[in-house]
Amino acid sequence: MNKVYTDAAAAVADIQDGATLMLGGFGLCGIPENSIAALVAKKVTGLTCISNNAGVDDFGIGLMLQQRQVKKMISSYVGENAEFERQLLSGELEVELIPQGTLATRCLAAGYGMPAIFTPAGVGTEVAQGKEVRRFEFNGEEKDYLMEYAFEADFAIVKAWKGDTQGNLIYKDTARNFNPMMAMAGKITIAEVEELVPAGELDPNFIHTPGIYVHRIFQGVNYEKRIEQRTVRKRNAE
Amino acid sequence: MNKVYTDAAAAVADIQDGATLMLGGFGLCGIPENSIAALVAKKVTGLTCISNNAGVDDFGIGLMLQQRQVKKMISSYVGENAEFERQLLSGELEVELIPQGTLATRCLAAGYGMPAIFTPAGVGTEVAQGKEVRRFEFNGEEKDYLMEYAFEADFAIVKAWKGDTQGNLIYKDTARNFNPMMAMAGKITIAEVEELVPAGELDPNFIHTPGIYVHRIFQGVNYEKRIEQRTVRKRNAE
Amino acid sequence: MLDKNQIAKRIAQELRDGMYVNLGIGIPTLVANYIPAGVNVVLQSENGLLGMGPFPFEGEEDPDLINAGKQTITTVPGSVFFDSAMSFGMIRAGKVDLTVLGAMEVADNGDIANWKIPGKMVKGMGGAMDLVASAKNIIVAMQHVNKAGESKLLKQCSLPITGVGCVKKIVTELGLFDVTERGFELRELAPGVTVAEVQAKTEGRLVVEGDIPVMNL
Amino acid sequence: MLDKNQIAKRIAQELRDGMYVNLGIGIPTLVANYIPAGVNVVLQSENGLLGMGPFPFEGEEDPDLINAGKQTITTVPGSVFFDSAMSFGMIRAGKVDLTVLGAMEVADNGDIANWKIPGKMVKGMGGAMDLVASAKNIIVAMQHVNKAGESKLLKQCSLPITGVGCVKKIVTELGLFDVTERGFELRELAPGVTVAEVQAKTEGRLVVEGDIPVMNL
Chain A
1 MNKVYTDAAA AVADIQDGAT LMLGGFGLCG IPENSIAALV AKKVTGLTCI SNNAGVDDFG
61 IGLMLQQRQV KKMISSYVGE NAEFERQLLS GELEVELIPQ GTLATRCLAA GYGMPAIFTP
121 AGVGTEVAQG KEVRRFEFNG EEKDYLMEYA FEADFAIVKA WKGDTQGNLI YKDTARNFNP
181 MMAMAGKITI AEVEELVPAG ELDPNFIHTP GIYVHRIFQG VNYEKRIEQR TVRKRNAE
Chain B
1 MNKVYTDAAA AVADIQDGAT LMLGGFGLCG IPENSIAALV AKKVTGLTCI SNNAGVDDFG
61 IGLMLQQRQV KKMISSYVGE NAEFERQLLS GELEVELIPQ GTLATRCLAA GYGMPAIFTP
121 AGVGTEVAQG KEVRRFEFNG EEKDYLMEYA FEADFAIVKA WKGDTQGNLI YKDTARNFNP
181 MMAMAGKITI AEVEELVPAG ELDPNFIHTP GIYVHRIFQG VNYEKRIEQR TVRKRNAE
Chain C
1 MLDKNQIAKR IAQELRDGMY VNLGIGIPTL VANYIPAGVN VVLQSENGLL GMGPFPFEGE
61 EDPDLINAGK QTITTVPGSV FFDSAMSFGM IRAGKVDLTV LGAMEVADNG DIANWKIPGK
121 MVKGMGGAMD LVASAKNIIV AMQHVNKAGE SKLLKQCSLP ITGVGCVKKI VTELGLFDVT
181 ERGFELRELA PGVTVAEVQA KTEGRLVVEG DIPVMNL
Chain D
1 MLDKNQIAKR IAQELRDGMY VNLGIGIPTL VANYIPAGVN VVLQSENGLL GMGPFPFEGE
61 EDPDLINAGK QTITTVPGSV FFDSAMSFGM IRAGKVDLTV LGAMEVADNG DIANWKIPGK
121 MVKGMGGAMD LVASAKNIIV AMQHVNKAGE SKLLKQCSLP ITGVGCVKKI VTELGLFDVT
181 ERGFELRELA PGVTVAEVQA KTEGRLVVEG DIPVMNL
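Residue numbers (our numbering), protein chains in the order written: chain A, 1 to 238; chain B, 1 to 238; chain C, 1 to 217; chain D, 1 to 217.
Heads up, some of the hints might be wrong.
Partial chain A-side listing against chain B, Cβ under 8 Å, derived [said to hold, decoys possible]:
1) A116
2) A150
3) T165
4) K172
5) F206
Under the rule of at most 20 Å between Cα atoms (straight-line distance), these lysine to aspartate or glutamate pairs were calculated in the DMTMM-like manner [to be verified]:
6) C/K168 / B/E141
7) B/K131 / A/E132
8) B/K172 / C/D62
9) D/K169 / D/E203
10) C/K168 / C/E188
11) D/K168 / D/E185
12) C/K136 / C/E181
13) D/K116 / A/E94
14) B/K234 / C/E60
Simulated from the structure, these hints should not be mistaken for laboratory data. Note that the Cβ used here is the ideal one computed from N, Cα and C, for glycine as well.
Model the full structure from these sequences, guided by the hints.
Dropping the structure here:
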């Protein structure tokens with residue numbers, strides 16, 4: 001069975017209007033740049049996007065927002081994004097803000113076949129509204145937890161550093177972030193990688209996402225890898 | 001802060017009678033051989049052991065059973081072990097059998113700070129007796145799940161391939177098995193490794209257990225690595 | 001009548017290219033020897049491996065590399081190791097396409113019993129309860145009757161069950177059966193076996209409709 | 001009165017050898033600059049890193065290596081990368097010993113508000129709700145009053161809260177406070193600040209007992 005696709009356009013070709021997508025990345029770090037460009041070119045609309053952030057005005061998911069392709073964002077932080085703010089205030093865009101750990105764990109739950117998880121994040125806040133609260137004695141204290149449901153997504157779109165033809169994936173540094181959990185959580189998972197190698201070239205001890213979770217893989221091109229906050233220190237003079 | 005201990009005896013020195021221990025390994029693969037030997041030498045008794053298996057008569061946890069150090073085993077499969085069977089039938093030993101995936105996930109839950117998880121394993125069987133059953137619509141079907149609680153263990157004792165002085169761990173092949181989850185789940189986690197290296201020598205992208213979960217680490221000696229079922233094939237004659 | 005290898009061979013015909021498959025201990029393990037040419041499947045071992053290969057050559061056994069039956073094994077290119085939580089995570093999430101396992105009893109509603117005999121030493125369910133609770137497709141490989149000659153295809157399991165209503169297909173030495181809401185539907189007869197013999201040895205609801213073809217091995 | 005760097009410096013004195021510490025955006029980030037000699041702490045960045053180092057030298061920025069504030073950073077020896085589920089897993093399990101973060105408001109029962117101002121664009125809570133719900137020890141670094149001169153140490157938060165009863169300690173430009181069941185307990189005064197000034201600027205229950213020492217920086 002062949003999981004290898006020629007490019008992003010081929011890999012996202014069957015994503016329909018109204019689909020629910022998970023998109024990996026934290027800020028602009030580790031985002032599936034090629035797939036986002038292909039979704040923009042495809043002009044698919046009415047999307048629900050589960051992604052920790054919503055990109056910036058002119059990059060990442062921001063490019064899809066510009067084209068009004070997104071109906072709803074499910075994120076933990078939607079940052080600096082003027083177009084996002086405009087659409088939100090005008091009611092064009094629906095936003096559900098959830099705690100970052102809850103977001104990560106709801107993806108993990110889906111990938112591990114668990115319909116719901118318990119977390120204390122948001123107890124006593126507006127995040128808890130309408131949710132089941134349950135008290136557990138655990139870890140030396142009695143405490144309230146919210147029951148949060150696993151996400152269900154039609155497609156998960158992730159970015160990895162290296163991948164093989166079986167769909168096994170390796171991420172680099174903090175570009176790992178949400179990608180592994182989302183890779184596990186999609187009904188169909190699409191992975192774009194900087195380097196695609198034949199099966200057997202990656203060390204089986206050091207694979208982050210087993211290929212069983214990945215349905216489509218392609219080697220991306222022209223990664224821009226934009227930096228949001230370039231912070232540096234000066235070298236001391238000799 | 002120093003996490004490095006000289007040897008197994010030092011690392012397990014404060015384990016008291018009646019403690020609850022998690023012990024990594026699957027069968028005799030990836031078991032903490034040095035720590036088990038030290039626990040036998042220490043003659044600590046009344047232990048509750050959470051471990052997928054109970055060793056064989058003369059190796060692994062079997063050595064602790066011989067010395068009547070174990071009060072209760074929590075396992076998924078207790079295999080070929082005559083002394084185990086004798087103690088069980090005579091009522092000296094208490095045994096709680098739970099599904100393997102439930103065992104693994106209850107450890108994971110502890111390591112991830114989740115007081116309980118949901119699994120369909122055991123629904124409708126005697127494993128479900130006395131447990132809360134809950135119906136979820138998930139993954140395209142409506143289905144019953146059992147609520148299972150996170151484990152709490154005084155000590156988790158794991159075996160890794162390589163480790164560094166920060167407690168970061170790497171496992172080899174299928175010797176990984178339960179070790180990573182148990183490493184995350186102990187109130188105090190003790191890791192024995194085949195090779196202990198200075199912090200900075202392991203690639204930060206390929207560490208299986210972050211050192212934050214590990215409190216004590218030592219380099220083990222004289223690993224026997226016994227094989228339970230030696231199965232081979234013959235080379236074809238030229 | 002089929003021997004163990006023929007049961008395995010018939011089950012191997014159910015494999016499809018690209019499938020992820022978990023093979024239990026016993027006859028199911030033999031299925032790996034009969035994977036049809038051109039069909040690439042990835043074998044999962046629930047102790048933490050995708051891409052299980054054959055037994056190692058003599059002298060190349062590695063104690064750190066075993067399968068769920070604790071046998072020394074090898075890997076194939078593209079294999080990957082992971083921990084037990086992820087292993088059962090992918091099982092629970094339905095990512096393993098097919099599970100083949102043995103059974104002591106199967107009921108005509110798909111219940112399976114394969115872990116405990118009251119009065120005997122109970123060794124544990126291992127990963128069987130997790131597998132049967134979550135696998136999308138479960139095929140049972142077993143003998144049609146027990147050593148006492150009693151049917152193992154029952155109206156209701158007499159032994160403590162491992163999972164509820166989960167078995168989809170059974171291959172015994174007598175034939176191949178789909179388990180549907182109507183019961184055990186006989187689809188294929190083993191060479192030399194008659195419908196009457198199957199009927200005599202099946203206690204649960206048996207459905208025999210039309211001409212039953214002889215199994216093609 | 002303390003400036004931002006002095007607030008950070010005072011908080012840094014709370015660090016103990018071997019601690020795992022999560023530093024939020026703003027003043028908390030500055031704490032890393034004042035870690036006392038001989039104290040080794042490991043900095044966690046909740047986007048998936050233990051062992052965060054300083055900013056990179058010019059020209060050595062790596063877009064794949066950022067902190068939770070999306071700033072380019074480096075790692076120290078012994079660092080480790082992991083995914084966001086494990087990152088918040090270790091936070092939830094209480095493995096992170098200390099969390100330092102900013103706040104818009106803190107109530108005298110330990111409630112904290114730092115994510116939302118009704119009527120303004122809401123950017124989201126990021127990881128703050130997870131951190132405050134699980135950290136064993138939470139220190140808030142903030143200004144004592146807002147731009148309108150109103151106290152941020154309140155009887156009750158007026159803004160939507162981030163977490164309930166979780167703040168253990170506060171350092172503002174005026175002093176250091178333990179948050180106990182009695183309210184804000186003044187422990188140390190910033191140089192040049194009087195108890196009267198603290199009282200005037202604190203709306204919530206303030207406890208002042210005995211002689212309050214001047215902070216030692």
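Hints and how they fare:
Restraint check, A/A116 versus chain B: the minimum CB separation of about 6 Å is within 8 Å; hint holds. Annotation: A/A150 was flagged as interfacial toward chain B, and the flag holds, the nearest CB pair being 6 Å apart, inside 8 Å. Contact between A/T165 and chain B, as hinted, is not supported at the beta carbon level, the nearest pair being about 21 Å apart and thus beyond 8 Å. Taken as an interface hint, A/K172 checks out: its beta carbon lies about 6 Å from the nearest beta carbon of chain B, inside 8 Å.
Interface hint at A/F206: satisfied, since its Cβ lies 4 Å from the closest Cβ of chain B, which is below the 8 Å cut-off. This hinted pair checks out: C/K168 and B/E141 have alpha carbons roughly 17 Å apart, not beyond 20 Å. Only pairs whose Cα atoms come within 20 Å are accepted, and B/K131 paired with A/E132 is accepted, the gap being roughly 19 Å. This hinted pair checks out: B/K172 and C/D62 have alpha carbons roughly 11 Å apart, not beyond 20 Å.
Proposed proximity of D/K169 and D/E203 is supported: the alpha carbons are some 17 Å apart, at most 20 Å. A hinted pair counts as satisfied when its Cα atoms are at most 20 Å apart, and C/K168 with C/E188 qualifies at roughly 15 Å. Note on D/K168 and D/E185: the hinted pairing holds, with a Cα-Cα distance of about 10 Å set against a maximum of 20 Å. Straight-line distance between C-alpha atoms of C/K136 and C/E181 comes to about 16 Å, which keeps the hinted pair within the 20 Å bound.
For the given pair, D/K116 sits about 17 Å from A/E94 by alpha-carbon distance, which is consistent with the 20 Å threshold. Taking the CA atoms of B/K234 and C/E60, the gap is about 11 Å. The hint holds against a cut of 20 Å.
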